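K.L.:
Produce the complete structure using the sequences and hints provided.
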Amino acid sequence: ALCDPDENRVGAAKELFPQANGYADLRELLKDDAVDAVVVATCNHWHCLAAIWAMEAGKDVYVEKPLSHTQWEGRQTVAAARKYDRICQIGTQQRSDPMQAQIKAFLHGEKALGEIKSARVNRYGVRATIGKRDTPLEIEKNVNYDLWLGPAQDEPLFRDKLHYDWHWDWNTGSGEMGNWGVHVLDDLRNNVFQDKVTLPSRICGGGGRVAWNDAGETPNVHFVYFDTGSIPTVIGLSNLTAGPGQRGGAPHPGPGSGYIAYCEGGRLEGQRGRAVAFDADGKKVKEFSGTSGMGIHQQNFIDAVRSRDRNSLNAEVAVG
Numbered sequence: 001a002l003c004d005p006d007e008n009r010v011g012a013a014k015e016l017f018p019q020a021n022g023y024a025d026l027r028e029l030l031k032d033d034a035v036d037a038v039v040v041a042t043c044n045h046w047h048c049l050a051a052i053w054a055m056e057a058g059k060d061v062y063v064e065k066p067l068s069h070t071q072w073e074g075r076q077t078v079a080a081a082r083k084y085d086r087i088c089q090i091g092t093q094q095r096s097d098p099m100q101a102q103i104k105a106f107l108h109g110e111k112a113l114g115e116i117k118s119a120r121v122n123r124y125g126v127r128a129t130i131g132k133r134d135t136p137l138e139i140e141k142n143v144n145y146d147l148w149l150g151p152a153q154d155e156p157l158f159r160d161k162l163h164y165d166w167h168w169d170w171n172t173g174s175g176e177m178g179n180w181g182v183h184v185l186d187d188l189r190n191n192v193f194q195d196k197v198t199l200p201s202r203i204c205g206g207g208g209r210v211a212w213n214d215a216g217e218t219p220n221v222h223f224v225y226f227d228t229g230s231i232p233t234v235i236g237l238s239n240l241t242a243g244p245g246q247r248g249g250a251p252h253p254g255p256g257s258g259y260i261a262y263c264e265g266g267r268l269e270g271q272r273g274r275a276v277a278f279d280a281d282g283k284k285v286k287e288f289s290g291t292s293g294m295g296i297h298q299q300n301f302i303d304a305v306r307s308r309d310r311n312s313l314n315a316e317v318a319v320g
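Counted the way our numbering counts, the sequence shown spans residues 1 to 320.
For the record, the hints were derived by calculation from the structure and aren't laboratory data. Hints may be right or wrong, so weigh each one.
What the hints assert, rightly or not - Only pairs whose alpha carbons sit at most 30 Å apart, straight line, appear in this in silico DSBU-like list of lysine-lysine:
| hint | residue 1 | residue 2 |
| --- | --- | --- |
| 1 | Lys104 | Lys286 |
| 2 | Lys196 | Lys286 |
| 3 | Lys286 | Lys111 |
| 4 | Lys111 | Lys31 |
| 5 | Lys83 | Lys14 |
What you are looking at is a predicted structure, and each value in this text was computed from that prediction instead of being measured.
P.N.:
Printed below as a string of structure tokens:
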């Protein structure tokens, strides 16, 4: 079954899956007893409500990251998974890359680089302006806008297009921190903190939306310091080029989308599908090779649906 409030998108999906039933309203899809599990790949503001409705209807759920638009929503989704005894996996697929276990063994089992002293997380990915209209965007007739909005506020949009650029509007998205930031921070939480830190004790951040005079609300350059109580961590994110007329981003230490674990005896630089360890003199001492986790992660969810063992999930809703 397929569901999207944009009938054009349902139509395009049905070309790939012609036997599937198409819906605009998720509530109608959830009445289908032939549906055992639901993949929630909506705008961020819909993730939790869609997941909760699906679990309430007896379906298991694979929900894309970020799990929630707010912390409160996320906690309600975890509570729903427990209440209805449902399998619920988050789409942080890098957790299913076998490389991650190798990195954790290297850092924590072997302590090959000594104690971890601090960490840095990067997301430097150039994005374009989303435009700024003089009059509100007219929603196309193929979109059921009430269903698209769902729990979000009905506010005029002054960006150039409806789809995807909702990421940069607080009403529906979470900015780069809630987009790519989720993946890189999750790698850090998994490999460096081994999921032992849930929330930092203190956070200090800054940034803004600079250089672009567009309709976006979320920062296009910002940093956050996390006081974790153990390993101090800084994340820096930027969507800007290195300068006017340039296409690439500014120089930075480590991977453009990844993390650096600074240790007593060197550092480890990790990113999607790859990691490199260096000694204190900067000499490369070990390389790790993996995948994005795609395919493996989805199979992990399907296997858990069949076994009914939520502990077998690589990104169970309360952790991933």
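K.L.:
Are there hints from earlier that the structure breaks, and if so, what are their numbers?
P.N.:
Result: hints 4 and 5 break, sorted rising.
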